[in-house]
Amino acid sequence: MEITKQKLLDLAQKEKDELGTRTTIFSDANYSELLPNPTEMDIGTYMYIFTGIDGVPGATQKARNEMGYLNGHESIDIINYIGGKAYFSIARNAALYISDFLTINKNTLLCS
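For the sequence shown, counting from 1, position 4 maps to 4 in the numbering used here; every step adds exactly one.
What the hints contain is simulated information worked out from the structure, not anything from laboratory work. The structure presented is a predicted model; accordingly, all values stated were derived computationally and were not measured. No residue lacks a Cβ here, since even glycine has one placed at the ideal position from N, Cα and C. Zero decoy hints are in this set.
Across the chosen pairs, the derived CB separations fall in these ranges:
1. Leu70 to Tyr48: 21 to 27 Å
2. Ile49 to Ala12: 23 to 29 Å
3. Ile98 to Met1: 32 to 38 Å
4. Gly55 to Lys16: 14 to 20 Å
5. Glu40 to Leu70: 29 to 35 Å
Working from the sequences, and respecting the hints, build out all of it.
Structure (structure tokens):
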């Protein structure tokens with residue numbers, strides 16, 4: 001239990017340092033349904049393919065970038081394996097939705 005607590009504290013501090021947030025929130029929403037009893041390998045594979053890991057973007061970031069979203073390093077490493085369950089960072093998940101649509105629309109309007 002102490003190892004899990006320390007891992008959670010370390011993840012929270014890392015997020016605060018990297019994103020400049022005062023609070024961190026980890027949720028099991030969706031992942032508890034998709035992966036109810038995951039192994040570390042399950043989570044690692046999912047992260048590698050979909051959400052990115054170790055600073056390398058996954059399919060989610062790549063697809064959203066193609067749609068005009070401005071996903072940076074803060075949108076990677078969303079999912080964490082804590083106490084035998086998958087949890088995701090609310091702040092990092094929100095970073096997936098930063099877009100440049102307003103600028104694109106302004107440029108389109110100015111050109112019209």
